[in-house]
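Protein sequences, first through last, are from chains A and B. Just so we're aligned, residue 2 is where the first sequence starts under this note's numbering, counting upward by one. Just so we're aligned, residue 2 is where the second sequence starts under this note's numbering, counting upward by one.
Treat the hints loosely; a few may be bogus.
Copies of the same chain look alike in the list, so a pair counts if it works inside one copy or between any two.
Stated by the list, open to error - In the SDA-like style, the derived pairs of lysine to any residue whose C-alpha atoms are separated by at most 20 Å in a straight line are:
id: 1; residue 1: 71; residue 2: 57
id: 2; residue 1: 71; residue 2: 107
id: 3; residue 1: 71; residue 2: 51
id: 4; residue 1: 71; residue 2: 40
id: 5; residue 1: 71; residue 2: 61
id: 6; residue 1: 71; residue 2: 106
id: 7; residue 1: 71; residue 2: 117
id: 8; residue 1: 71; residue 2: 12
id: 9; residue 1: 71; residue 2: 124
id: 10; residue 1: 71; residue 2: 31
id: 11; residue 1: 71; residue 2: 110
id: 12; residue 1: 71; residue 2: 32
id: 13; residue 1: 71; residue 2: 97
Keep in mind the hints are simulated off the structure, nothing from the lab.
There are 2 protein chains.
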Amino acid sequence: MNAPTLVCPPILGRHLLLDMQGVSAALLTDAALIERALHDAARVAGATPVDARFQHFGPGLGVTGVLLLKESHISIHTWPEYGFAAVDIFMCGEARPELGIDSIVAAFAPASRSVRDAARGPAAAGSA
Amino acid sequence: MNAPTLVCPPILGRHLLLDMQGVSAALLTDAALIERALHDAARVAGATPVDARFQHFGPGLGVTGVLLLKESHISIHTWPEYGFAAVDIFMCGEARPELGIDSIVAAFAPASRSVRDAARGPAAAGSA
């Protein structure tokens, strides 16, 4: 039971790392808006939230939040003092994380952004 | 207030992506052990948990968990059927995420693993 099976797929999930710069500080301190944006991203990507936690560090300060998904997670950390936010969308199965990225970008309207795409699974661990 | 300031550092956090293959299924289904391992990793890295959520998908099935940190987050998703786990340690400030990785690897003893190191911040977003 402890050995990996032979049918293990080499990639189990896609993990997109979104960095956004030049975002309105008003958006980056609004925990309710941020929570809505993450739920919207999960919905358009076809993922199913199973839990959510958001932490607002105080008036004018940043927000940390995570949706636990049946398919993995979406997280956000905001730095309103720098107009910056880091978002992760990690999804396995049939979900389409790139649609979640589009939804987040539309909600936050950054001046610039980047998306890095990390395949997660045994292939990344060097044994597939 | 909405424009990024001139003193924004180009890198705000380090995000380490750890993929582990060849892990005992018994470890990967043990939600209490997994939660302890994530707390231990936060402690040795010098980070401060502010909240924690763990979801066990049922006997013999995987666990999803996240620690929200003052410094960002640690997450884990396990696939016991494949002997695989994906861990993220994302920390800003003075914390040392690489020490957290060492702690996680010691706890799960994978047959193989990889660590990818993603700098998060305005430099990644293409505007620094």
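Taking the numbered hints from earlier one at a time, note which ones the structure violates and give those numbers from smallest to largest. 2, 6, 7, 9, 11
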